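Novice: For reference, the chains in residue letters:
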Amino acid sequence: MPNANALPGALDGLTVLDLTAHIAGPYATKVLADLGAKVIKVERPGGDPARSLGPFLNDEPGPDRSATFQFLNTNKQSIVIDLENPAGRDVLRQLMRGAGLVVSSFSPAVAERLGVTPPELDREGNLPFVWLTSFGRTGPYRDYRLSETTLFAMGGEMFSHGLADREPLKYGGTAALMQCGAMAAIAALGAVHAKELHGIGQVVDVPLFDVQINSVDRRSSAILAYRFSGRVQVRATGSTIGVAGGIYPVADGFVEATASFGDYWQRFVEMIGDDRLREPRWLQPATQADPAAKEEADGIIYPWMLSHTRQEIWARARHARAMVAPLFTARDLFEDPVLRERGLWAEIEHATLGRLPMLGRPYVLEKTPWRIRQAAPMLGEHTDAILAGAGFEAPAIAALRGHGVVQ
Amino acid sequence: MNDYLPLKGVRICDFSAVWAGQTATMYLADMGAECIKVENPFVWNPMTRAASPRMDAFMSAMLPPWAGGHPNSDPGPRPWNNSPAFIHVMRNKKSFTVDSRRPEGLAVVKALIRTSDLLAENLAIGTLEKLGLDDDAIRAERPGIIILHMPAFGKQGEYTLGRGYGAHIDSVAGSTILRGYREDAPYSNVQVFAGDFFAGMHGAIAALAALRHQRRTGEGQVIEAAQVECSAQMFPQAAMDYAWNGRVAGTIGNRSIEGFVPNGVFPTMGDDRWITISCRSDEEWASLARFMGSPAWAVAPGLQTAAGRATMEEMIEERLAEFTATKDRDELFHVLQHAGVTAGPVLSARDAVEDAHLDASGAWKDLPATADYPATRFAVPPYHFSKSNITIRTEPALFGQHNDYVYREVLGLNDEEIESLRAAGHITDTYDAQLLAGG
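Protein chains in written order, with the working numbering: chain A, 1 to 407; chain B, 1 to 439.
Some clues are possibly wrong.
[What the hints assert, rightly or not] Simulated restraints on C-beta separations:
1) A:Q311 - B:G259: 27 to 37 Å
2) A:D12 - B:A375: 28 to 38 Å
3) A:T352 - B:R247: 19 to 29 Å
Honestly, the hints are just simulated from the structure, not real lab data.
Keep in mind that this is a model prediction, so the values were computed, not measured.
No residue lacks a Cβ here, since even glycine has one placed at the ideal position from N, Cα and C.
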């Protein structure tokens, strides 16, 4: 094994000026930073609001104690600039000269008010400028507000998520915002390729609404199905198609099973190993659609499930090639020895928090490894260094600080 | 004409299947890579071109719309060319057919690999190896190639043989357990899964990064993007809360983990019409209270901070539901937004199609009819580049549509060789008759 620290990052040499805040934009630039880009995070006085998002270390709030912020900002550098001040915008334009990519999440109205739109920051249009907005820069909803929940309700497939006799249901956490961040990272890398290959800068709009409309977690499929057939995807009455499948309670939690029809059924039956389910009649479509047959199958399957643990069931499923998997909790994710051995978790070394675990790499790149070089920055931790790197002399930096332009 | 395509000149040999792999290569194809799907007419890849090769009107109607809503609910003779579930991911790609299990077919695949910059796959573990295409064999054909593996649970470790679609990826990634009605078991999580979709995006990110390194240095590499590990990134708050505080998060329904109170889904007039409201700040709550006519309960001093509202969340949700129940959903959406409150309708597929903003902002593109589906509108990619021509440049690739291009122009075979491969069943625009008969 070569020493991973001696290997280059895939995005070495790329400097990103990061004008994003909260969740989606910072996830996009985190992805780039973890692949080796130098990301300069421009924070407002007081900092990215994500610094006040829970959960906090030991439940004590503090600008560096947010686990959400720490996750979203690994490997970045922080400079605090007051963009309300015209001198702050001059500093920003100066920083742009060393950048290969700008990523922004200012709303159109705020960007216009502050004078930080692409043509104002980059008159020649030489830089890739990726702009995450809620609803894009045109159209009737342009200035509307968005939250994780409204985003998934409007753009995602919330309408058909949940149960028929109850209200529509969102995902957990902030999944939709995370998806938008990942999509913006794809767009950003595309723009970087276009710059490096063709020498062109350009504006790349990434409206979060559009990302969700395009998501193939069934939204785009449901929309096309309506166009094709006139059928509207609705919430289901239960989780099962056929006589088995869906989520089952087991001895220590739950498992998810796909077990309807054909191979899926046969492998599921093989996993359980009960001869009564091996009878050919179960494979007949009429049986699979018969409520009495489902009741009969439940009478065999439920006791079996409840007398086995998730890991016992998953091991048997893997052996039988059955489509069955355990529902892991956050505890399992952290403590599962197999995931741990594979390297799901990394560590950060933070100047004031100390050594802490950090959710690690999504992918393993053989020659240009994903890696954490440093913990998320403290507020304005790199202000002086970034300014010096952009050509500001010490007295100029002191003056900017004195006037509150930077902090 | 210069399209300024970011991945101009990049060719992909695409063995991907289902969603994770097929969306990963879709993003790369969007960026201008020539993505050539390798399709075997003798092997049906489950959930890759349709739910079944034998889909008929009856089965179409049995399945939920996302999987069964083929044109006019009648898939016709080639259901693999008009599945609403999978046709999107074929955009900007090319499709050619070959039976790679036979020596002459494997030779064709190897010839394609020799002209490719990246090979992508997420087939069941061991499938490529069985064909004789392990990493070393691939690199022997094309040194400097990037190999993108997207296994469900990784290529090493005890879970390697685990099988999974999105539902199972979500389960192990810790996502399913977080989705459910408040303080309820997760049984309601039955239809929408995002783990494979999220993994697909990360596969594309890793590939885009590796392609940059390849362009700059000539060096290729193997990428392993285990879907479950990509997907685990989708819920960092819960994972980190356990890692740092030992707390195991459960279901919170439609409430917010960001501290927004209220945050939820509320009924409006009519059948199954809902609005979501999030008060992201105390100012938004004050605006909402004013909008409701400042009722005594809402302007009570205790409710003017998020912490105060959190202690009365259930009461607030009940009162809010009473208020919204008599309102028109869309009217309420617009007036709340204008009053400074974050709100949005829960849009069904029909609502989304009719949405005025999506229409006005260019989210759709009309595509012409083919033999397998009528003229219709598709969603364009959600990243809008001002110079690079990134849209649906070519319509979704039909099965075997680009055989002539691939065999003749890419691989340089002559008429005789092509006829021989056609006679042996490699070159076709339909699946093998025995496979279609269920044999």
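Novice: A separate judgement is required for each hint: does it hold in the structure or not?
Specialist: Now the hints, each set against the structure:
no.	hint	in the structure
1	A:Q311 - B:G259: 27 to 37 Å	holds, 35 Å
2	A:D12 - B:A375: 28 to 38 Å	violated, 47 Å
3	A:T352 - B:R247: 19 to 29 Å	holds, 22 Å
Comparing the model with each earlier hint shows a violation of hint 2 alone; every other hint is respected.
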